[in-house]
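Q: Residue-level listing of the chains:
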Amino acid sequence: MFQSDEDRILTLITRKLMGEATSSELEELSLLIADNPSYEILIQSLTHIWNTSPARDEDFLEATFLAHIDRMKKNGCDFDTYEQEIEAKRPWYSSRKLLVPVFSLLAVVAAFFFWPRQASVNTPVIIAEKEIKNEISTRNGNRTRIQLLDGSTVWLNAGSKLDYGKDFGGAKREVYLTGEAFFDVAKNPEKPFIIHTNAIDVKVIGTQFNVRCYPTDKMVETSLIKGSVEVLVKNRGEKWVLRPNEKLLVENISYQPLKKERNVAEPVRARKVFVAIKPLTYQNNDSVSVEAAWVKNWLSFKDESFAEVAQKMERWFDVEFEFRNESVKELSMYGTFTSESLQQALEALEFSFGFKYAIQGKKVIIY
Amino acid sequence: MAAYKKLFHCLFPSIQNFAFSIVKSRQLAEEIASDVLMEVWVRRLKLMEVANLRLYLFTSAKNASLKKLKQENRFSPFSLDELQVEFISDYGNPEEILNGSELEKKVQEAINELPTRCKIIYKLAKEDKLRYSEIAELLEISVKTIDNQLVIANKKIISAIKYFVRKKS
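Protein chains in written order, with this note's numbering: chain W, 1 to 367; chain G, 1 to 169.
Some hints here could point you the wrong way.
Said to hold, decoys possible - EDC-like, lysine to aspartate or glutamate: derived pairs with alpha carbons at most 16 Å apart:
id: 1; chain 1: G; residue 1: Lys-68; chain 2: G; residue 2: Glu-31
id: 2; chain 1: W; residue 1: Lys-73; chain 2: G; residue 2: Glu-86
id: 3; chain 1: W; residue 1: Lys-74; chain 2: G; residue 2: Glu-39
id: 4; chain 1: G; residue 1: Lys-68; chain 2: G; residue 2: Asp-35
id: 5; chain 1: G; residue 1: Lys-24; chain 2: G; residue 2: Glu-86
id: 6; chain 1: W; residue 1: Lys-74; chain 2: G; residue 2: Glu-31
id: 7; chain 1: W; residue 1: Lys-278; chain 2: W; residue 2: Asp-303
id: 8; chain 1: W; residue 1: Lys-73; chain 2: G; residue 2: Glu-39
id: 9; chain 1: G; residue 1: Lys-155; chain 2: W; residue 2: Glu-350
id: 10; chain 1: G; residue 1: Lys-129; chain 2: W; residue 2: Glu-20
id: 11; chain 1: W; residue 1: Lys-73; chain 2: G; residue 2: Glu-31
id: 12; chain 1: G; residue 1: Lys-5; chain 2: W; residue 2: Glu-350
id: 13; chain 1: G; residue 1: Lys-5; chain 2: W; residue 2: Glu-62
id: 14; chain 1: W; residue 1: Lys-74; chain 2: G; residue 2: Asp-35
id: 15; chain 1: G; residue 1: Lys-155; chain 2: W; residue 2: Glu-27
id: 16; chain 1: W; residue 1: Lys-278; chain 2: W; residue 2: Glu-27
Derived by calculation from the structure, the hints in this document are not laboratory data.
On a predicted model such as this, the values are computed, not experimentally measured, just so you know.
Looking at chain G on its own, in the form it has when it is part of the complex (with noise of 0.2 Å):
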């Protein structure tokens, strides 16, 4: 049980923040993630088999969420570019370098400016920890796209931090 609320307290922020990129509801969203991590207690000896729980779960909600917009009547093919992408939070708490809260609004404006394909990997990948393979086979796509997409949004966060050094300097 204690090893169950470790998984949850780990998994469903994420779970739920994905399912709600898919169907754009908090509520469903929530139903989903708690659907998945049901389904974690009630198959727990048979999940021994599953390779990569984590991404198991992942493309266990996107399945989820592709079925509940079916129910709803607002199915639409799995894209990229039609998903709602929010953080979990913005990203406070700065040491050191990011002294200065109008650097970090920079920096939150050009990660919420990305193109939404760009915006799901990055968050995929900085705030869920995903690796290259396992965004690559949840979102059916390739390696390489990742990893170009990911430099896009490196760059567009690096031209943030630029334009207020220069301006301070």
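Okay, chain W solo, but in the shape it has when bound (with noise of 0.2 Å):
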């Protein structure tokens, strides 16, 4: 290795903990670390102590805060007013001159703020050999993580379900998916572990990817965060191989699309399915992917419409969406929910976007 090669792998990993490497920077990352396998190690430590965040002392901030408004009213300022203020002008923080402030804000809110609480780990299911099932099934609102026999870990998203054989684990390793899993499959180059799902089948022998398959969603996503898998494309009768960090998007064979929404389009089947690679989205200064946050129980989304952003919220509050104001449909989201309750997250997207919300119930009416 040369001395210059590490100089700009600095550089260039610089820049793209920063955020402001550009795509070629980014490509020109990527080839110097296969280029130089011993620096990948280092780069992980490197973006991971990057990524640390300060353990927050929320107590001391709150009595820091209290002791903060006290000083506030000494100095005269008005809290009363502050209500009707609001009926009078609409709140200060719903204007559009603010949202750009604001919107950085988000970032820095989802990033501290909502940060340090630890999110709750479901207990294990642990497939005992005796009392073998055959299915295992999330409702919406619930997330569970299941313990294969080979050694395997799955994750399964909210209103997902898992199928498998009662000989998995024995001749071979197969398993049937609706709906979202994140795969962490244990290594056995003898028997490969294979995902089917209605548009694809994902082959590999041991890895970490995330399998998003709902009927409701247009696209199926398959998410390789490290190793290597294969993916059939049944409608193409082709084979795509994954490098990690990159995603398969294959348009979705069937489809469901929810009532509201139905306009006709010409049926898949009878043509050849869209499909495309793209690189993994990161939050500026996370170390998990997007695609792979919910697995962290972290909802987590950028450049999403509020559209997109209400059915995920949907499936992880267990909550159904109605928009009465059209126009906030289109609204680009970004931002990462840790253990915040339903109320929290709805609060902090008001807060930045301006609309308005109420709970009734299992519904959320945004208007």
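Put the two chains together into one complex, using the hints given.
A: The following block contains the structure:
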């Protein structure tokens, strides 16, 4: 390795961590790391250090806040007229002009404010050899972790279903998935692990990746974190191989649009489905990609419309959204929620985007 | 009010920390940060005209800190080499790679030993999540300098990790 390679890697990784790298710089970086594999672990450590946020003492901060409010009152700040002001002028924070600063604040809110509370991890479901079940499913609002007999772990997202044969782990390792799951597959070159879905089959030896194939999504997504996977696109009869940090988007052959938006396009089965490879999406300073964030109990989205975010939230919190204000549906949103309640999440979005919401039982009304 | 509280929770520690690096007194720094955030409340309707609220607040903290120094006759021109940089906290809570606390200590040491100029830039970038352009405006330096200094910081950290990895193997 040349000294200059190290310097170049450092320059590029620094820009990447700052979110200032151009796409050609990112490309160059991954080539350099491929050439210098010993740097991979160093870069990983560096990224990890960069992304570790200081632990926050919420109680202390709250006490500081109360002291601050006290001090403000002594200085003659008037809090009582605030409510009337809202009535009269619309809240200051819902102004369009403030959208940009508040926007960057949302990132801070997401990164700092929502960070340190530990997400509750569901106790893993251990499949004992004796009580072999064939199907595990989750309802909306629920997620679970499954430990398979071969040593692989599967995280099953809300509203999903995983089937596997009684002979799983014996002659072969095959599962059937509807919905979304993250797989950490134990390595076994002799017995490839195969995930069947309506549109694709994913074949791996040992690796970490996410598969998303909800019937109500237009695209089936396979996101590779590390290792390598082979995806068979059934409709095209083609095999695609993914590299780490790539995702394969395949048009969902059995897309079932929600009732509200049924505009019948040409039937997919009659033609070849659309396929694309894209890089995984990272929020500015996260080490976990948006695609895999849910495994950490993070609800994460980047540059997604409110309509899409609402769909994610419906599954996440087991609620139903109703938009009485169509114009906000197209708002582009960035953010990460960790262990927020539905109300806290909506409050944060309201704070940034200035819409109003109401929660009525399992229904969220946006207006 | 809920929004204001959130803003406070997000920004107060960073602003207080930044003020401290200039005035080098915790009490003064807390007062300054409180003043800056009080301004936000008082002028909340006018602040709509501010394009970048976070940078605006950091800049206010800087100006208020320099003013305080002047009042106490401790005034010196704003110099990056005379700051006292402290991090909000060290970086506990490691997973996976950073399992050994020995490595953590090595990394922490490397960061602490950075030249002041380098340290403040690293802190603002990493801990306060300011962007290149924001740091440039706040510290009155060029984007190129920031880029270089951050590379230097990361280089030192990589060396610390390398040292550790070699020692282990």
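Q: Look at each hint and say if it fits the structure.
A: Consistency of the hints with the structure:
With a CA separation close to 10 Å, the supplied pair G:Lys-68 and G:Glu-31 stays within the 16 Å bound. Among the hinted pairs, W:Lys-73 with G:Glu-86 is inconsistent with the structure: their alpha-carbon atoms are about 30 Å apart, more than 16 Å. For the proposed pair W:Lys-74 and G:Glu-39, the alpha carbon gap of about 14 Å is at most 16 Å, so the pair holds. Using a Cα cut-off of 16 Å, the hinted pair G:Lys-68 and G:Asp-35 holds, with the two alpha carbons roughly 12 Å apart.
Taken as a hint, the G:Lys-24 and G:Glu-86 pair is honoured in the structure, with Cα atoms around 10 Å apart against an allowance of 16 Å. For the given pair, W:Lys-74 sits about 14 Å from G:Glu-31 by alpha-carbon distance, which is consistent with the 16 Å threshold. Of the pairs offered as hints, the one joining W:Lys-278 and W:Asp-303 holds, with about 15 Å between alpha carbons and a cut-off of 16 Å not exceeded. Of the supplied pair hints, the one linking W:Lys-73 and G:Glu-39 holds, its CA atoms being roughly 13 Å apart against a limit of 16 Å.
Distance restraint check for G:Lys-155 and W:Glu-350: the Cα-Cα separation of roughly 41 Å exceeds the 16 Å cut-off, and the hinted pair is therefore not satisfied. Distance hint between G:Lys-129 and W:Glu-20 is fulfilled; the C-alpha atoms sit about 12 Å from each other, no more than 16 Å. With a CA separation close to 15 Å, the supplied pair W:Lys-73 and G:Glu-31 stays within the 16 Å bound. Of the pairs offered as hints, the one joining G:Lys-5 and W:Glu-350 holds, with about 15 Å between alpha carbons and a cut-off of 16 Å not exceeded.
The straight-line distance between the Cα atoms of G:Lys-5 and W:Glu-62 is roughly 9 Å, inside the 16 Å bound, and the hint therefore holds. Using a Cα cut-off of 16 Å, the hinted pair W:Lys-74 and G:Asp-35 holds, with the two alpha carbons roughly 12 Å apart. For the hint pairing G:Lys-155 with W:Glu-27, the CA-to-CA distance comes to about 21 Å; that exceeds 16 Å, so the pair is violated. Our distance criterion of 16 Å between C-alpha atoms is met by W:Lys-278 and W:Glu-27, whose separation comes to about 13 Å.
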